[in-house]
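Student: Letter by letter, the chains look like this.
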Amino acid sequence: MIFNSEISGQYEHTTSPVVTGGSVIALVYNGGVLVGTDTLCSYGSMAAFKNVQKIAQISQNTIYVSSGEFSDFQQVVKELAKIDRSALQYDDGVHPSPKDYGNYLARLSYKKRCKINPLYLQNVIAGFHNNDRYLALVDIYGTYLESKFITTGFASYFCKAIISNYWNENCSLDQAKQVIRECFKVLFCRDCRAHDVIQLAYVDAQGTHIEEPERVETKWDFNGFKQRANEKLHTQ
Amino acid sequence: MLKHLYDTDCVTWSPQGKLFQVEYAMEAVKQGSICLGLKSSDYVVLCSLKRQPSELAGYQEKQFKIDDHMAIAIAGLTADARVLCKYMRTECLEYKYTYESHHPVGRLVFKVAEKSQHKTQSGAKRPYGVGLLVAGIDPNGVHLFETCPSGNYYEYKCQAIGSRSQAARTYFESWFHLFEKSTLEQLVLHGLSAIKKAIMEDEELNEKNVEVGILGKNQKFLHLNAQELKDYITKLEAFNPNSQIQQE
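So the protein lines, in turn, are chains A and B.
Note that the first sequence covers residues 1 to 236 in my numbering.
Note that the second sequence covers residues 1 to 248 in my numbering.
These are computed hints drawn from the structure, not numbers from a lab.
Take these hints with a grain of salt, some might be off.
Calculated cross-link-like contacts (lysine to aspartate or glutamate; reagent style EDC-like; alpha-carbon spacing at most 20 Å) [what the hints assert, rightly or not]:
hint, chain 1, residue 1, chain 2, residue 2
1, B, K220, B, D9
2, B, K111, A, D91
3, A, K82, B, E61
4, A, K177, A, E212
5, B, K111, A, E212
6, B, K96, A, D84
7, A, K99, B, E100
8, A, K82, B, D7
9, B, K65, B, E91
10, B, K217, A, D84
11, B, K96, A, D174
12, B, K115, A, D91
13, B, K111, A, D92
14, B, K96, A, D92
15, B, K65, B, E155
16, B, K119, B, E100
17, A, K99, B, E91
18, B, K208, B, E61
19, A, K99, B, E94
20, B, K115, A, D92
21, A, K99, B, D138
22, B, K30, B, D67
23, A, K148, A, D174
24, A, K99, B, E155
25, B, K217, B, D68
26, B, K157, A, D92
27, A, K111, B, E61
Based on the provided sequences and hints, a complete structural model is requested.
Tutor: Have a look at this one:
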């Protein structure tokens, strides 16, 4: 990616993100990889865009999600699509594997980090290739880590305990979905920039499946809340 | 005689629709010593005959590793081959750096062909005077390609290029239906038998003037060493392709 600023010599560095996406949680399960994220893009502390699809299908067997600056996410989706299109020119039927995408994104992120103009993203690439599950995190610095589960943003603080207690890498798809739903319940309660509408997507031997957004169940009609709302203050 | 009117440079067509400079470049390939390649479902084998410029000199190597999963055998101008070899190695390295996986074979051959074609469409350039046999393994399977100075490339089950290669090709035409299911040893022996057809009457195959390279789905590119070559050449005496038919 070459920006006009790089050609003209006047650099504009991304110092802070403007429109941001929230946490991403990805888990490997028996037969595939499951990814979950909410459908919110925040404008600072304002919940500005509440119905955003943040899960991108890059190829027949690869999913890409990220948290951070949403415009960077949109640009990366275009960059990754370019790689597969160039395969058309060579006419050899060879398509990039999920790992190829992950490594390419790592090289891209590292290059931009070296110019102190990063892609302000924590990226997650999930795929299923050659009967193998693939899940990798590429962070803002270009660090590339393959893993069986990945959390970004606040999920890294709140959700790791839930994941380690209720998930293992050979659980079923439904079990993995339940774990992610539980995680987003907690996030909605504790993370100010989280939203209760989430979207799940999974890749398995049959390809990618992106589900419809769903609302996590949260309970707000506790008696305690109602009492406190109605109680008289000391001074009254 | 008329040929000489249209053969000064690459940017002149002949009335018959030929580019003579490109055709002359292909002649350079035919002057090189023979090299051949053949593949089964799991292996590709490259065999070549090495030339010795004089008794005091060493033998000119004709096979070069491009990457763990790819190798070439050359016929023609060695200097031009070195340029293409370096280009292919660089491309493979860059691909590995970016994607952490092996460069698909067909794609690299396409790139080499494109590079070769540029040289045939300029007043100031000459075509590469070398033909390559590219052996490689990728997710699409086992491959053997031939590239030409003209910029064309073809995929083969087996092919021989260089001087007296027709004799080897004739051998292949008789036996190539056996190659798909051949074992590695049978494949090497077929390759050496084909080379034997192409050597001159007073020459003989020995471990010094023959070069054999092997690539497999689980086998990185490997040159056979002198002892292994000697063993194969000995086995060549007793090798009879007919016995392979009886096995199946």
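Student: All hints, please: hold or fail.
Tutor: Taking the hints in turn, this is what the structure says about them:
For the hint pairing K220/B with D9/B, the CA-to-CA distance comes to about 42 Å; that exceeds 20 Å, so the pair is violated. Between K111/B and D91/A, the direct Cα distance comes to roughly 12 Å. Compliance with the 20 Å bound is thereby established for this hinted pair. Using a Cα cut-off of 20 Å, the hinted pair K82/A and E61/B is violated, with the two alpha carbons roughly 40 Å apart. For the given pair, K177/A sits about 13 Å from E212/A by alpha-carbon distance, which is consistent with the 20 Å threshold.
For the hint pairing K111/B with E212/A, the CA-to-CA distance comes to about 43 Å; that exceeds 20 Å, so the pair is violated. In summary, the hint linking K96/B to D84/A is supported, as the alpha carbons are separated by about 17 Å, within the 20 Å threshold. Pair hint K99/A plus E100/B holds up; C-alpha atoms about 8 Å apart against a cutoff of 20 Å. Proposed proximity of K82/A and D7/B is contradicted: the alpha carbons are some 42 Å apart, above 20 Å.
Of the pairs offered as hints, the one joining K65/B and E91/B holds, with about 13 Å between alpha carbons and a cut-off of 20 Å not exceeded. Using a Cα cut-off of 20 Å, the hinted pair K217/B and D84/A is violated, with the two alpha carbons roughly 25 Å apart. At most 20 Å may separate the alpha-carbon atoms for a hinted pair to count; K96/B and D174/A exceed this at roughly 37 Å. Proximity of K115/B to D91/A is assessed by CA-CA distance (about 17 Å); at most 20 Å being required, the pair is judged to hold.
A C-alpha spacing of about 12 Å is found between K111/B and D92/A, which places the hinted pair at or below 20 Å, so the restraint holds. Note on K96/B and D92/A: the hinted pairing holds, with a Cα-Cα distance of about 18 Å set against a maximum of 20 Å. For the suggested pair K65/B and E155/B, the alpha carbons sit about 19 Å apart, so the restraint of at most 20 Å is met. For the proposed pair K119/B and E100/B, the alpha carbon gap of about 31 Å is over 20 Å, so the pair is violated.
About 19 Å separates the Cα atoms of K99/A and E91/B, which keeps this hinted pair within 20 Å; it holds. Between K208/B and E61/B the CA atoms are separated by roughly 11 Å; this keeps the pair inside 20 Å, and the hint holds. Distance check on the hinted pair: K99/A and E94/B sit about 16 Å apart at the alpha-carbon level, within 20 Å; holds. Between K115/B and D92/A the alpha-carbon distance is near 18 Å, which keeps this suggested pair within the 20 Å criterion.
The hinted pair formed by K99/A and D138/B meets the criterion: a straight-line CA distance of about 15 Å does not exceed 20 Å. The suggested pairing of K30/B with D67/B is violated, with an alpha-carbon distance near 27 Å, which exceeds 20 Å. Proposed proximity of K148/A and D174/A is supported: the alpha carbons are some 17 Å apart, at most 20 Å. Simply put, K99/A and E155/B have alpha-carbon atoms about 28 Å apart, too far for the 20 Å limit, and the pair is violated.
The suggested pairing of K217/B with D68/B holds, with an alpha-carbon distance near 11 Å, which does not exceed 20 Å. Under the criterion of a C-alpha separation no larger than 20 Å, the hint pairing K157/B with D92/A is consistent with the structure, at around 17 Å. Taking the CA atoms of K111/A and E61/B, the gap is about 39 Å. The hint is violated against a cut of 20 Å.
The structure is inconsistent with the numbered hints 1, 3, 5, 8, 10, 11, 16, 22, 24, 27, although it conforms to all the rest.
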